[in-house]
Amino acid sequence: MVKVRIWGSLAAFTGDRTEVEVEAGNLRELLDGLAADFPGLRPQLDRGVSVAIDGRVYNDSWFTPIEPDSEVVLLSRLKGG
Amino acid sequence: MRYEAPQTVESAVSILSATPAGCHVLAGGTDLLVRMRAGMSEPEVIVDIKRIAGMHEISAEEGGWRIGAAVCGAELGEHEGVCAAWPGVVEALELIGSTQVQGRATLAGNLCNASPAADSVPAMVAAGAVARVAGPDGTRDVAVQDVPTDPGKTSLGRGEFVTSIFLPARPERASDAYLRFIPRTEMDIAVVGCGVNLELDADGTCTQARVALGAVGPKVILVEDAAAALAGSALDDAALERLAAACSQAASPIDDKRGTVAFRKHVAGVLARRAAIIARDRARGEA
Amino acid sequence: MSNIHVTTTINGDSVEYLCAPEETLLDVLRDRLGMTGSKEGCGTGDCGACSVTVDGRLVCSCLMLGAEAEGREIATIEGMAAGEVLHPLQRKFLEHAALQCGICTPGILVAAKALLEKNPDPSEEETRYWLAGNLCRCTGYDKVIRAVMDAAAEMREAS
Amino acid sequence: MALDKNPETARSFKLVGTRPLRPDGIDKVTGRARFGADMSAPGMLVGRVLRSPHAHARIVSIDTSRAEALQGVKAIVTRADFPAEVPEAVADILDNCMAGRTAFYDGHAVAAVAASSAAVARKALKLIEVTYEILPHVTDVDAAMRPDAPVLHPGRADESVPEGTPGNVISRVQYGHGDPETGFAEADRVVERSFRTAATHQGYIEPHACLATMGADGQADLWCCTQGHYMVRGTCAAILGIEAGQLRVTASEIGGGFGGKTTVFLEPVALALARKAGRPVKMVMSREEVLRASGPTASTSIDVKIGMTKDGRITGAAAELRYQGGAYPGSPVEMGTMSAFAPYDLKNVRTVGWDVVTNRPKQAAYRAPGAPMAAFAVESVVDELARGFGLDPLDVRLKNAAREGTRSSYGPTFPAIGLEATLRAAKDHPHWSAPLGEGQGRGVACGFWFNFGGDTCVSLNVNPDGTVSLSEGNPDIGGSRASMTMMAAEELGIPYEQVRTVIADTASLGQNEVTDGSRVTFAVGLATIEAARAAKRVMCERAAMVWGIDPEAVIWEDGAAKPAGPNAGKFEPMTLADIAAIASNTGGPIAGHHEVNAEGAGVSFGTHIVDTEIDRDTGAVKILRYTVFQDAGCAVHPAYVEGQFQGGAVQGIGWALNEEYIYGEDGVLQNPGFLDYRVPVASDLPMIDTMILEIPNPGHPYGVRGVGETPIVPPLAAIANSVADAAGIRMTDLPMSPPKVLAALQAGAAGN
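Chains as they are written, first to last, in numbering that gives the first Met the number 0: chain H, 0 to 80; chain L, 0 to 286; chain A, 0 to 158; chain X, 0 to 751.
One chain only, chain H, in its complex shape:
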């Protein structure tokens, strides 16, 4: 299981928890697992998120490996100028 920190306003869809656990070995499994376990997150996941894994930010790379002890943080989709 991977611990995932989510941002505060998403807690409304995870039973008020800002840290949830998901079975995932990579980014794709993480996003699929979140959507399956917390259907309320689905609209946000569909709109797009970024994910910080051990301090680095990933946007799309499904097969980015996630270790069980990785620090995983869900972030708003980053946009630049």
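Honestly, the hints are just simulated from the structure, not real lab data. As the structure is a prediction and not an experimental result, all values here were calculated from the model. Any given hint could be a false lead.
Cross-link-like lysine to aspartate or glutamate pairs, in silico, EDC-like; alpha carbons within 20 Å at most [stated by the list, open to error]:
| no. | chain 1 | residue 1 | chain 2 | residue 2 |
| --- | --- | --- | --- | --- |
| 1 | L | K256 | X | E419 |
| 2 | X | K122 | L | D254 |
| 3 | X | K304 | X | D178 |
| 4 | X | K569 | X | D557 |
| 5 | X | K621 | A | E72 |
| 6 | X | K125 | L | E41 |
| 7 | L | K264 | L | D280 |
| 8 | H | K2 | H | E22 |
| 9 | X | K739 | L | D255 |
| 10 | L | K49 | A | E124 |
| 11 | L | K264 | X | D616 |
| 12 | X | K125 | L | E43 |
| 13 | X | K304 | X | D344 |
| 14 | X | K346 | H | E22 |
| 15 | L | K49 | A | E69 |
| 16 | L | K49 | A | D54 |
| 17 | X | K398 | X | E419 |
| 18 | X | K621 | A | E123 |
| 19 | L | K264 | X | D614 |
| 20 | A | K117 | L | E77 |
| 21 | L | K256 | X | E664 |
| 22 | X | K621 | A | E94 |
| 23 | X | K569 | X | E556 |
| 24 | L | K256 | X | E287 |
| 25 | X | K304 | X | E191 |
| 26 | A | K117 | L | E79 |
| 27 | L | K256 | X | D139 |
| 28 | X | K621 | L | D140 |
| 29 | X | K122 | L | E43 |
| 30 | X | K398 | X | D427 |
| 31 | X | K569 | X | E551 |
| 32 | X | K13 | A | E94 |
| 33 | X | K309 | X | D427 |
| 34 | L | K256 | X | D675 |
| 35 | L | K256 | X | D732 |
| 36 | X | K621 | H | E18 |
| 37 | X | K739 | L | D254 |
| 38 | X | K304 | X | E185 |
| 39 | A | K117 | L | E43 |
| 40 | A | K117 | L | E74 |
Please arrange chains L, A and X on chain H, whose structure you already have, making use of the hints.
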């Protein structure tokens, strides 16, 4: 649209008279072309007066200077005689726009554009400048302060245009200055403008003053109370304080995107005071 | 609305063109003569990207009618280098990295050249005020000013 | 995956870190470079847009018949000429490019015409009759959040918005950890303050421009100034209902973007006109159109509350951020919410952001979108607290600085970061200790920005004569061709002059992310290095063939293939040119390419010091001295890194002092020109000093971090803090234009 570049005043007058409503005079063009582009002016005819003989000349006349309607800011700034006699008028024209705009913009054009914020107009009014106007009935001279009547409007009649500006002769110990406030250091329209013209006697007492404000009313304001505050004084702090108060009092600005009423009234006094000090120092030969 | 026939000199070459009365010199240069080095950033004389000289005087070509060019001498960015030899200002702009996107560069170079012809030894302040009508949004002007001052120094030494 | 576990930061570079001339330089100083408006095509028509004069109006009808009858008019398009249904991802973009039932802001496009000349096009626009039903409007963010405000898009709020929230709020976001209230209770002083920032525009000098052709066979070509021609291709194809592969987009030289050219405005309209007219159509915005109808950034209203102990420790921090992003959802409030407290190591922090729509043009990205406003608010309050305790504001920042291992305010734990280094460099710099004159003040502020990677393709071709051609897919907005050329030459070990880099069109390379997020030197650089490495592998194989040894026994060094060691055999090195010359004999042309989603970019921090002088009689603020300290990871071409620092700082100075969108009561923009939209001019400024710090980014083979955006983040607060120091007034409403400063001085509002 038609473009005409007549070679004589008469021919310009006749073109202007023939199409009074839709005919625009082109001198430097720095306002006219901007208005045309914005769709605010759609002239039927443009009369370019720059090919008329004399329009580019600066000539000495009765101790003063006659400045042709097509003399641009850069040319005026290079003229030692005018710069020495009327530094305030020169600096006012030179403040308009960029170096590029200085290659085109003219005193006459700035006057006839009749913007309340025109930089050279308060300086010319303070200087007691006179515009020479050509028209179907010949030429006439009009005090500069009587040319603009309202934003965008002048007292010029059908077929008339300004052919030159006359700056009168200077006595000893006299000078002028112009200051404006803008948010940046360059490239803005005056939020407030102030021209001060002073004459001193041998012991430094101000014998005569003219103070004019721009951008704080529908047209340039010649502030009589401000002149009175200075006349007879040694241009000391008390006199300058009265001057500032008179200018703040006389200013009747509006709130707009460039400044508030309170700001403009206050700054009118600040600028008047600062311009008076510069004019005083120049008149004393200290600047 | 008939076109006006204009005979003028651009970068030393005699040029004839037809233009509509309301067309600006900038329109003529860009659209009729294919000289797109002069840029339109505003069309109102506020950005300087269209700077050219007319009879040696720096102007915004967007604030001048094409018809007014009759009999004048126009100089644009296209005439600044002598063949393959860059003007010292052009060279210094490259050496100092005084351009990022480069859209304002032609106008700034034309304006700077006019400055150095009038004042071969400008102070930083004089340079900044002379170029105040040339907006640059990329560089913060620092390297632009350094390049102009450096070119001025080199040109003084060479003369 | 891009992460390089072994950055070669220890290695000494030959080219990286030097300052060669940019390869596109001569074109740009001679006027030859072709920007968006500089291209023409045979039979080209002029396209112009008719725009709403109203802030909010229902479009009852559009009658184009009189305009169509005008001689020289070749096509007119309205929304009816676009597909009724488009993918959701581009629906708002289409509606912004061409209004549907409603015009949402002053300047919103409602029709467009293609005509034989500009004069005819202008006349035609006047003949198009639009009947509007004027609706109530709202342009201010706080007003738009009131329950009685006119609502732009009923029902658009997403699931994050609590029930009962006023209708213009589209989303809500919250970040943070710990409990700020607990933190405030531990503080010796808590400061709570509200801030407002005006909308500003990127102010690129080149207006949007494009030239479109489209045949009856569906094949289309588009030339345009953009930060991302692949984005243009995808967006236009989706909007027009054509296949992306049939649309080739070529990026012109680009005259500035700063985020503002990361979307489309004219491009789909030009294609639609070209399709209808059957002729090429060129469209160029006027400056007025750029300001009224492209994408400025958000205006904001922000509350900040911070608690501090008297020794300068921040105990709790909270902020509520309200950003209006114009007529469609998507203000950069999320980024503001994430970045607000990023420079600090905080136990208790919470930020809440609200995305609000108003009757203004839809915002586009602007350099570190969302961050400068948040930093303005936070850094002002930190300064006020430090000042109140008589503490050195740099010491306070050092005491609370985020560093490696800090749990960031937006969640992740920071890896190696350079904030502390910039703070120490600032403290040690002579600027910090230089004496100040009467009426002068000094301010400091920090700034943070994320950097991005994204899809990137680079192809590197070794030519028969030993030169190298490099193709990349990101418009060169500030000298990036120079840095790509440098990195390719560095990696290959050949002279800079031997490589030429071009920006390929959309048909010539795979997908490339937009030039944004400070990504190009990082991501395209990474792909360039990898492409060069791929080419080196091929060249080593070719040498091995010639020598008859194992490819593994060949190494690449100093621009040549060499035997790896004495056991590999004794052969004279084969240079790149040697190998290129016999490429046909050894298997064919040699190339390297790399395609990657370059994830894992590193964050970036900066600290700015600014001295100001206040004219107490007029409220004018003069910038006397300015120094930027920023971590660049590795400065490939230091001159262009400095240029990014300087340019960003000056954009921030403009934002702080004079730039603003001014709307009248009628909801119409009052200052759509460079006369009254006041960007800084040369005479407003001193030299902008810079100090580049290089704390390598472990995510890049050379250690590069993005540098472009961070420099616009600190100036707003740095200047406000400097003004506070100079005049004892706390300016909370940007811009700090002279009337506001004078009013604050007159109110004697020190500390209020």
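Hints, one by one, checked against the model:
In summary, the hint linking K256/L to E419/X is not supported, as the alpha carbons are separated by about 42 Å, beyond the 20 Å threshold. Proximity of K122/X to D254/L is assessed by CA-CA distance (about 35 Å); at most 20 Å being required, the pair is judged violated. The straight-line distance between the Cα atoms of K304/X and D178/X is roughly 13 Å, inside the 20 Å bound, and the hint therefore holds. Our distance criterion of 20 Å between C-alpha atoms is met by K569/X and D557/X, whose separation comes to about 17 Å.
For the proposed pair K621/X and E72/A, the alpha carbon gap of about 40 Å is over 20 Å, so the pair is violated. For the hint pairing K125/X with E41/L, the CA-to-CA distance comes to about 13 Å; that is within 20 Å, so the pair holds. For the hint linking K264/L to D280/L, the alpha-carbon distance of about 25 Å lies beyond 20 Å, and the restraint is violated. About 9 Å separates the Cα atoms of K2/H and E22/H, which keeps this hinted pair within 20 Å; it holds.
This hinted pair checks out: K739/X and D255/L have alpha carbons roughly 14 Å apart, not beyond 20 Å. Using a Cα cut-off of 20 Å, the hinted pair K49/L and E124/A is violated, with the two alpha carbons roughly 33 Å apart. A C-alpha spacing of about 12 Å is found between K264/L and D616/X, which places the hinted pair at or below 20 Å, so the restraint holds. Distance hint between K125/X and E43/L is fulfilled; the C-alpha atoms sit about 18 Å from each other, no more than 20 Å.
A distance of roughly 16 Å separates the Cα atoms of K304/X and D344/X; the hinted pair therefore holds under the 20 Å criterion. Taken as a hint, the K346/X and E22/H pair is broken in the structure, with Cα atoms around 29 Å apart against an allowance of 20 Å. Taking the CA atoms of K49/L and E69/A, the gap is near 12 Å; set against the 20 Å cutoff, the hint holds. The straight-line distance between the Cα atoms of K49/L and D54/A is roughly 14 Å, inside the 20 Å bound, and the hint therefore holds.
The hinted pair formed by K398/X and E419/X meets the criterion: a straight-line CA distance of about 9 Å does not exceed 20 Å. For the hint linking K621/X to E123/A, the alpha-carbon distance of about 16 Å falls within 20 Å, and the restraint holds. For the hint pairing K264/L with D614/X, the CA-to-CA distance comes to about 16 Å; that is within 20 Å, so the pair holds. Distance check on the hinted pair: K117/A and E77/L sit about 11 Å apart at the alpha-carbon level, within 20 Å; holds.
Between K256/L and E664/X the CA atoms are separated by roughly 12 Å; this keeps the pair inside 20 Å, and the hint holds. With a C-alpha separation of about 30 Å, the suggested pairing of K621/X with E94/A is violated against the 20 Å cut-off. The suggested pairing of K569/X with E556/X holds, with an alpha-carbon distance near 15 Å, which does not exceed 20 Å. Of the supplied pair hints, the one linking K256/L and E287/X holds, its CA atoms being roughly 16 Å apart against a limit of 20 Å.
This hinted pair checks out: K304/X and E191/X have alpha carbons roughly 4 Å apart, not beyond 20 Å. Note on K117/A and E79/L: the hinted pairing holds, with a Cα-Cα distance of about 16 Å set against a maximum of 20 Å. Taken as a hint, the K256/L and D139/X pair is honoured in the structure, with Cα atoms around 16 Å apart against an allowance of 20 Å. The straight-line distance between the Cα atoms of K621/X and D140/L is roughly 43 Å, outside the 20 Å bound, and the hint therefore fails.
Among the hinted pairs, K122/X with E43/L is consistent with the structure: their alpha-carbon atoms are about 15 Å apart, no more than 20 Å. For the hint linking K398/X to D427/X, the alpha-carbon distance of about 16 Å falls within 20 Å, and the restraint holds. For the suggested pair K569/X and E551/X, the alpha carbons sit about 15 Å apart, so the restraint of at most 20 Å is met. At most 20 Å may separate the alpha-carbon atoms for a hinted pair to count; K13/X and E94/A meet this at roughly 19 Å.
Between K309/X and D427/X, the direct Cα distance comes to roughly 24 Å. Violation of the 20 Å bound is thereby established for this hinted pair. Restraint check for K256/L and D675/X: the C-alpha separation of about 8 Å stays at or below 20 Å, so the hint holds. Simply put, K256/L and D732/X have alpha-carbon atoms about 16 Å apart, close enough for the 20 Å limit, and the pair holds. A hinted pair counts as satisfied when its Cα atoms are at most 20 Å apart, and K621/X with E18/H does not qualify at roughly 49 Å.
Straight-line distance between C-alpha atoms of K739/X and D254/L comes to about 13 Å, which keeps the hinted pair within the 20 Å bound. With a C-alpha separation of about 14 Å, the suggested pair K304/X and E185/X falls inside the 20 Å cut-off, and the hint holds. The suggested pairing of K117/A with E43/L is violated, with an alpha-carbon distance near 39 Å, which exceeds 20 Å. Restraint check for K117/A and E74/L: the C-alpha separation of about 13 Å stays at or below 20 Å, so the hint holds.
In the structure shown, a violation is registered for the earlier hints numbered 1, 2, 5, 7, 10, 14, 22, 28, 33, 36, 39, in ascending order.
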